[in-house]
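Asker: Sequence:
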Amino acid sequence: MRTHTTRPVSVADTLAGARLGIADLVVMVTSAAAPMTVIAAGATLQWAVTGQLGIPIAYLAVAAILTVFAVGLVDMSSHITNAGAFYAYITHGLGRHLGVGGSFIAVLAYNAMAVGMLGGAGAIASSWLADEFKISTPWWICALAFWALVALFGTLRIDLNGKFLLILLGGEILVAAGLAVVHVTHPAGGALTFDALNISSLFSGSGAVLMVIGVTGFVGFEQTVVYAEEAKRPERTVRQATFLSLALIGGLYAFASWAMSVAAGPDNIVALATEHGTELTFVLAGPYIPAFINILGHVLFVTSLLAGYLAFHNTAARYHYSLGREGVLPSWLGKISARTSAPMAGSLLQSAIGFSVVMLYAAMSWDPELYLFFWGTCIGGLGVLILMTLTSAAIPAYTWTRRRNSEETSLLRGVVAPLIALVPLTWILVQTMLNIHIMLGLEPGDPLTWAAPVAFLSAAVAGVVWAAVARRARPDVYDRIGQGTRIAADLAKPIGLTAGSVR
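At position 297 of the sequence shown (counting the first as 1) the number is 297 in full-length UniProt numbering, and the numbers step up by one without a gap.
Calculated directly from the structure, the hints in this document are not laboratory data. Some hints here could point you the wrong way.
What the hints assert, rightly or not - With beta-carbon atoms standing in for the labels, derived distance ranges:
#	residue 1	residue 2	range
1	Ala16	Leu192	47 to 53 Å
2	Leu160	Ser406	25 to 31 Å
3	Leu192	Ala363	34 to 40 Å
4	Leu192	Asp367	36 to 42 Å
5	Ala363	Pro187	31 to 37 Å
6	Glu407	Thr185	52 to 58 Å
7	Phe292	Glu407	54 to 60 Å
Given the structure is predicted, the values throughout are model-derived calculations rather than measurements. Where a beta carbon is used, it is the ideal one built from N, C-alpha and C, also for glycine.
Please take these sequences and the hints and turn them into a complete structure.
Answerer: Okay, structure coming up:
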């Protein structure tokens, strides 16, 4: 067994613990899901793209699948606490090589989600200012204003981020739910209809596409485990926050989208979604609400994207930090702020990526709404789906290893639940690959169709190769892969003796 003394991190370079409670985590991850954005843009675009009525039942089905997945996820979090959550879980279940491959996918996916949200916030804000106040502002100016705000918050205490997001999310949920109530109380034809909740729509020709696009609306809920290092009583807090978030997100999505189908009428919802796009929810409620509520709803649509950007910025920053702490990425990324305990270097890297992407799109005059927001979030969502699928395979492998070592485990939480979740997640992932041209609005056979899958495959291969090289050339770094908080906790021990349980 190897013995090494190289240290990647000091105790001072660990994230501050016991700062986030259950409510804080619910706010953080629900903000990442950006409910107002999904309701106003996601649901309406799904109707327009698929021509299928069953968006609400698809949201409920996805919520059910992810709830089963979450059983294993939070169980894994109780054993392994690491800000690079999926990376650590895959490492401990499937080995270091696949773990590093997964970490590179995570970095690509969460940064894509962050810059996608940033581009969307800039584009929607610019459009709204022009329509409402006749103020012509380039989208990238709006985006840079949001970028500066998030760059600042990314270096502050995480609990301050939570308070800021609570303000944005609270208004977002109140208005979204309020609009849904208006829709339900003013049904087309004067009667409530439940056609959009018919489960048979999931088994139609486009049922797979409904599930695929539906999953993207939930991306962000899994971030509870990313904050485990900073949570109060993490085992209890992460578990309760995860299931509360799923219930809140899934319930709100299903209710709000069903309400729109009621207000428009099941026979008209697809045509109206195609005609009005992201304005549909406001158009349907417009005759029955004061003008200022309509304006507030549009403002919260923009702040929903801002909140999502901040949430994904923080997640990407923590993956950068975790990988820097363990030597997979440059060690300077493992540094934190002495004043706020924020992952300073990881946050600054994400800010640099966001700034560079905005400037590139502005210089090339690329459409930020389609090619940055829509594509960025779809591609990021694909990456997170890959990670969830790999993690569903890693959890039972890890649990079974612990059981062979006579350690206390739960077969239901650690083996049965993740294996059950693995089946539909794998099916959704395969369907995503087969229908990715529909997600991105491309023609079948367009070379761009395979850009995202190739990018993630390349990232995974690069990670596997990196680990293989590190095993021979940098064994001390190889031993640290996926160890997370154990590194700081075991500073008095040779690292090679603390990491021997992982392949």
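Asker: Just tell me: holds or violated, for the beta carbon distance of glutamate 407 and threonine 185 against 52 to 58 Å?
Answerer: Holds: the Cβ-Cβ distance is about 55 Å, inside 52 to 58 Å.
Asker: Could you say whether the range 31 to 37 Å given as a hint is met by the Cβ separation of alanine 363 and proline 187?
Answerer: 49 Å, violated
Asker: Please test the hint of 25 to 31 Å on the beta carbon pair from leucine 160 and serine 406.
Answerer: 44 Å, violated
Asker: Do leucine 192 and alanine 363 keep their Cβ atoms within the hinted range of 34 to 40 Å?
Answerer: This hint is violated: roughly 51 Å between Cβ atoms.
Asker: Does the Cβ distance between alanine 16 and leucine 192 fall inside 47 to 53 Å?
Answerer: 49 Å, holds
Asker: Could you tell me whether the CB distance from phenylalanine 292 to glutamate 407 stays inside 54 to 60 Å?
Answerer: 59 Å, holds
Asker: For the pair leucine 192 and aspartate 367, does the Cβ-Cβ distance stay inside 36 to 42 Å?
Answerer: 39 Å, holds
Violated hints for the displayed structure, listed by number in ascending order: 2, 3, 5.
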